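**Q** Since each chain sits alone in its own frame, please combine them into the complex, following the hints.
If you want the building blocks of each chain, they are given just below.
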Amino acid sequence: MSARYGRSGRVKPQGDRFETAVWYLMRLSGIGLFVLVLTHYLILHVIYDPSEQDASWIAEVRWSSLFWRVLDWTMLMLVLFHAFMGMRVVIGDMAGGRPVKILRYGLYLLAVVLFILGTWVVVTLPNVVPDA
Amino acid sequence: MLVRYRGGEGMLAWAFHRLSGVAIWLFVVLHVFDIFLVGFAPGLYDSLLFVYATPPGIVAEWLLGAAVLYHALNGLRIIIMDFWPRMTRYHRQLWYLNWVVFAIVGVPVTWVIYQQFARSMGWAS
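One line per chain: the protein sequences are H and B, in this order.
Just so you know, we're using our numbering here: the first sequence kicks off at 1 and counts up by one.
Just so you know, we're using our numbering here: the second sequence kicks off at 1 and counts up by one.
In case anyone wonders, no lab produced these hints; they're calculated from the structure.
Owing to the predicted nature of the structure, the values given are computational and were not obtained by experimental measurement.
Quick reminder that beta carbons are idealized off the backbone N, C-alpha and C, glycines included.
Heads up, some of the hints might be wrong.
[As the list claims (entries may be wrong)] Derived list of chain B stretches under chain H, where covered just means 3 residues or more per stretch with a C-beta under 8 Å from a C-beta of chain H: (1) 15 to 23; (2) 74 to 86.
[To be verified] Partial chain B-side listing against chain H, Cβ under 8 Å, derived: (3) Val-29; (4) Val-32; (5) Ile-35; (6) Pro-42; (7) Tyr-52; (8) Glu-61; (9) Ala-118.
Bound-form chain B, shown alone (with noise of 0.2 Å):
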């Protein structure tokens, strides 16, 4: 443990992933149930469907997103050092870099999904 809590990047980044794994974990919980409910009671998923199309809905969709992507990049950066332990030594330049592909992605997606925003609070483009 005491590894871990040296603070700095090392501690930050354990800190997302923990952060982002736990929320996805929560999201794929209801995601299972609302997609069961496609094959048990379409009527009551299609009800439900109208969270997609709220300013919050949304805004929840986008944060999902940003987990997704943070904990795919981590996860990714964490496999590196483990099976190739040389790569340790540059743990902190491997988390900037996560940043760095994190935000080329990030911002043409955060585009779409604003346009799904501007949509749902009926502002006409």
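Looking at chain H on its own, in the form it has when it is part of the complex (with noise of 0.2 Å):
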């Protein structure tokens, strides 16, 4: 019984199949994020200084590769289930009742949004390919 033990995670749910299932895939997209976060905070704060990434420097360098650009929506995707999941308990921790449904809702709706906004931008952005 997993309740037995002091642990600083969310205990595993018991029964709840949804909730199960969320409580695996948080752990699961954690240890994407891990490999996924730092190497982006890495590569765009450390090696790269971020003042001077502008638009045409994402367009022509960042994302001038289907590979980079599948990567960051692959990051987008982990980052925005483990976040909106993690906020979601966050939450629920707070006291019950009609406000924090509410709040979950509009948790949900700005998930949606941030979905929509960061898969146009990564699909449609131009690709500019520099004289070689």
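**A** Following this line, the structure appears as structure tokens:
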């Protein structure tokens, strides 16, 4: 029984299949994000200076190949799931009732908006190939 | 809930995890909007980029890195204990190990970000 252990993580839900699936997916996406987000920060904040990453740099360098676009979109999907499901837990730990329900729907709406905006920009940004 | 509030390292680990998580969530929300501008209004995006060249912007960038690194390391610790419950006995040691790795990774990263900071302050190097 997991409740026996003093953990800092959320105790694995018992019985509810949806909650159990979310519990596993939080950990799975967490492992993916461990790699993706740390390399993202290393490349874009440590190796390169973010103040030099203007829109044309993103089009010509960062997103000049399908590889980086797919990688960044994958990270976006994982981070939206992980961050919004995490915030759902945070909201759920607050007092219940109507305000929490409204907050939760607001949270889901924001996640959908970010999914649309992020996917739109990663798919439609013109691929500007600089002169070799 | 009571399990989490016994105090000590476990509670601190949990509190930092939550604080860093909410902070990263906030940044992700802003970051998706600003990257959306790269396609929607590149001129506006470029005009906002100065934030990363200001001292407060760079301090925020550094804090973001610290939050991400802590959340990543403590998240790994949680996963280890969840799938290998015997490790829960060493949850304190694992947390201290988190801080050792945090410092080993954090010091060189801080040095690089400090160079950005020095430039933003106009301290020629």
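**Q** Go through the hint on Glu-61 (chain B) and say holds or violated, using the shortest Cβ distance to chain H against 8 Å.
**A** Holds: closest Cβ of chain H sits about 6 Å from Glu-61 (chain B), inside 8 Å.
**Q** Is the shortest C-beta separation between Tyr-52 (chain B) and chain H less than 8 Å?
**A** Where the cut-off is 8 Å and the nearest Cβ of chain H is about 4 Å from Tyr-52 (chain B), the hint holds.
**Q** Was the hint right that Ala-118 (chain B) lines chain H, CB cutoff 8 Å?
**A** violated, 12 Å
**Q** Given Ile-35 (chain B) as an interface hint, is its Cβ closer than 8 Å to any Cβ of chain H?
**A** holds, 6 Å
**Q** Are there at least three residues in the segment 74 to 86 of chain B whose beta carbon sits under 8 Å from a beta carbon of chain H?
**A** Answer holds; 10 residues pass the 8 Å Cβ test.
**Q** Take the shortest C-beta to C-beta distance between Val-32 (chain B) and chain H; is it under 8 Å?
**A** holds, 4 Å
**Q** Hint check: is the beta carbon of Val-29 (chain B) less than 8 Å from a beta carbon of chain H?
**A** holds, 7 Å
**Q** Can you confirm whether chain H covers the segment 15 to 23 of chain B, using C-beta to C-beta distances below 8 Å and requiring at least three such residues?
**A** holds (count 4)
**Q** Let me know if the C-beta of Pro-42 (chain B) comes in closer than 8 Å to any C-beta of chain H, holds or violated.
**A** OK, holds: Pro-42 (chain B) within 8 Å of chain H, min 4 Å.
Going down the numbered hints, you'll see the structure goes against just number 9.
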